[in-house]
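Peer 1: Next come the chains, spelled out residue by residue.
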Amino acid sequence: MNIYVCVKQVPDTETKIKLNADASGIDPAGIKWVLSPFDEIAVEEALRLKEKNAGSTVAVVSAGPSRVVEAIRTALAMGADTGIHVDLPENADTFMAAKAIAGALKKESKVDVIFTGKEAIDDGAAQVSQLIAESMEIPCVTVAVAIEYGAGTAKVKREIEGGAFEIVETTLPAVIAGQKGLNEPRYATLPNIMKAKKKEVKALKAADVGVSASDQKIRFKGYQLPPPKQAGKKIAGDAATQAKELVRLLHEEAKVV
Amino acid sequence: MTWQTFVFIPIAALAFGYSGYRFKILFRMMKAHQGKAGDRLKDVPARISTFMANVLGQKAVLQKRAPGIMHFIIFWGFLIISVGTLEQFTTTIHQAANFEFIGDPAYRALMFLNDIMSLGVLLAIIYAAYRRFVLRPEGLGKSVDANIILAMTSSLMVSILLMNGFHILGVQPWFQDAMPISRAFSEVLAGLGLSQDTNAILGGIFKWIHMLIVLGFAVYIPSSKHLHLVAAGPNTYLRTLSREKGMTPINFEDETVTQYGAAKVTDLSWKDALDYYSCTECGRCQDLCPAHNTQKPLTPKMLIVDLKHNMYRNKANLLAGKHDEVSHIVDENVTEDVIWACTSCRACEIACPVFIEHTNKIYDIRRNLVMMESRFPTEVQSVFKNMETNASPWAFSSEDRAKWADGMSVKTMAEDQNIDVLLWVGCAGSYDERNMKVLRSFASLLKKAEIKFAILGKEEQCTGDPARRIGNEYLYQTLAKANIETLNRYNVKRIVTACPHCYNTLKNEYKEFGGNYDVFHHSQYIAKLIGEGRIKPTKSLDATVTFHDSCYLGRWNNIYGEPRSVIQALPAARMVEMSQNHDQAMCCGAGGGRMWMEETLGKRINVARTEQALATNAEVVASSCPFCMTMLSDGVTEKGMKDKVRVMDIAELVDQSTP
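Chains as they are written, first to last, in this note's numbering: chain A, 1 to 257; chain B, 1 to 659.
There's no promise every hint is true.
Pairs of lysine-lysine, DSSO-like flavour, derived with a Cα cap of 27 Å [said to hold, decoys possible]:
id, chain 1, residue 1, chain 2, residue 2
1, A, K16, B, K458
2, A, K234, B, K437
3, A, K16, B, K403
4, B, K36, A, K16
5, A, K110, A, K205
6, A, K233, B, K403
7, B, K36, A, K195
8, A, K229, B, K481
Calculated from the structure, these hints are not laboratory results.
With the hints as extra help, turn the sequences into a complete structure.
Peer 2: As structure tokens, then:
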């Protein structure tokens, strides 16, 4: 099988996000970049599928500035075979990223399945999976927690609202977006880390995949940090007094009741 | 020459020939190991001196009083009696080839010693049997092998006494007055009323019995745990000499290396095989093992025995050089649980009378599991990831590294490099709330002593110790090299740290990568400042204090006195020791990366250690390690003693007492 995984490089959750001087973007200094955790799940799923089907290959695709090649290398160290990097500007939106990735995939001779994470943990947009599928005119199943593979089909258990699950069946190729619980991503072995340094990562320009500046649908007008968290308040007294005070605060200060 | 000559020579040749053949196989198996053992020959004077002390002087064996004395007698007894046995061999081959040529007083002395020792050894063996069958200490276990050896050695001594007794009656040798035990024994035998000729013949028969058992012994030894008789001496000579030993680095630049750590016994080194040969299964390692004592599946003794048996099972592959076909170490005996249970407290190595090194084997097996097979407790993965992205085992941003010092105007190296000493904070001191307070106390003390110090702040990264002990040498080296680069860039000379794990790594393990610093643990530094009068603890503590030894301070670095001297410098502090202290102290359970692993098997180690602390009725449990602090605090809370017993770092105690 020709298996593809789309990944995004995101700031680590512990990184203190700072804005640049004119608040036109995030200050890249001091950011620790990692492979988005849901995308790790997608890579793991691809590797497990490969291990079950002899002769399969896993290719990792990422679109963004040159730094995202590190995220591709991380996936290669986990065991993926090759990488494709589409060079996009720092602030590329979801539409542009999806079009670039779909463009790169369309250039491949055969695509059997595409895995993604259900969302990236930085912007949390959860759009790129569906947009890739739309652009390639193939089905898309998101928030997958279990996948059963058939001949040219996949039965996917997906999480829906209210803590319930639904099971859908799709033909392949399709885009399947992984949710936490689908698997436990592996920790790269050292021989694989060493090998990953030498694996091929194909470099594509935006123009190579038919992407131009007009594909940027969102214009970023400015950035703001969320207001700093206020210190909590401890309400003293017995239960009745505490309840009374709580209602008063919710009504008068928080204005929610 | 008599008929005896022609009977004895072929029997002896056969026995020694077979024994020699078995030893050759053992030697070849040892040589089939591919791992590196390091230089085991340099520093000859120190090696000779440890040999004298611990082999001839039996120092390490004597750490345990009664069994030690027992072994001392058996050891020296056998050495001396061997001379007599050799004479039996030579006189059997050629009657006149006795050792009387050494002259009268010398020969008499030899006979005297032989005589005394044959009784001494017999008594020691009776004690050994009493210990094995009546006292039955848990660590000794049951062993058919040991019973066979006991039967053989006791028969050897009895046959000597009978031989000499009848010999005195039958031949009346000129030196018989030098053999008081045998003479007294011969008087008993005289009661049998046998003729002089019969006595002489019986003397000869028991001589043969004695010689045949000796030959049997030679044949039996190579397959017995009593192989230590041959192996323990060399193992002591070739031991790792320094207490402050760092782990062996792996050279990741070397592309010819394709195996990291030990998947198979042959990935370990010849010295590890010599360790197995030296093990006599005395169980001292197991007696002190915190994992074993809290019902974990690890016992250091069985680890060595299981590795030895794994090697024996693979004998054919080892001898044929078929490394690829050797079976794996991790199997139904040495399970993953066994390997992950180790806290690397090193109590086993300190207890071992023949200097077996258990920890390096566990480290090597872990390295294979982690780096080659990606097999480790699941909770460890996030630890590795945190260390990779945030240079800390806990998920915190480097930006918050100096938060513990908020409001204390502690400078970073970037701000001020004119310092006496660099304060290495460590991840626990940076991010763990309880340990942040310890750092504040220590910084306050340094200020009171007017020491110029700075920290690295966000430039400090985890030393890599947790990764290294868990088996991720690659991650360790990444962090170590980054830290060394930073420290060398600032031209740092002296470092003080409140964390024994950081201390051990900075002091003993950065050398290999070009980091050479004068490193102090804060207990040493505070002791020094008190000694110099720069800190004067004057406020009364008025409490009973017990001190918990951190493994990485004590057993790994031999620091026991300084933290105790610091506590004793506190006015009105009353020191009490726990039942297990100094190098016998029990680990808190956090070493070897266990700090970041769930403890699901058996009793919790920290609770067991806390119970020992509480048994002293101390009001303060003093610690000198952030992980011990966490473990003991949790233990005290678990035992419901939080309101009565305080767990305090020594720096906090001194700071409180210093105006």
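Peer 1: Now look at each hint and say whether the structure bears it out.
Peer 2: Status of the hints after comparison with the structure:
1. A:K16 - B:K458: The given pair, whose Cα atoms are some 12 Å apart, holds under the 27 Å limit.
2. A:K234 - B:K437: Answer holds: K234 of chain A to K437 of chain B is near 24 Å, not above 27 Å.
3. A:K16 - B:K403: Holds. K16 of chain A to K403 of chain B sits at ~14 Å (cutoff 27 Å).
4. B:K36 - A:K16: violated (44 Å)
5. A:K110 - A:K205: holds (21 Å)
6. A:K233 - B:K403: Given that 27 Å is the threshold and the Cα spacing comes to 23 Å, the pair holds.
7. B:K36 - A:K195: Holds, at about 25 Å.
8. A:K229 - B:K481: Measuring from Cα to Cα gives roughly 37 Å; hence the hint is violated.
Hints 4, 8 from the list above are not met by this structure, while the remaining hints are.
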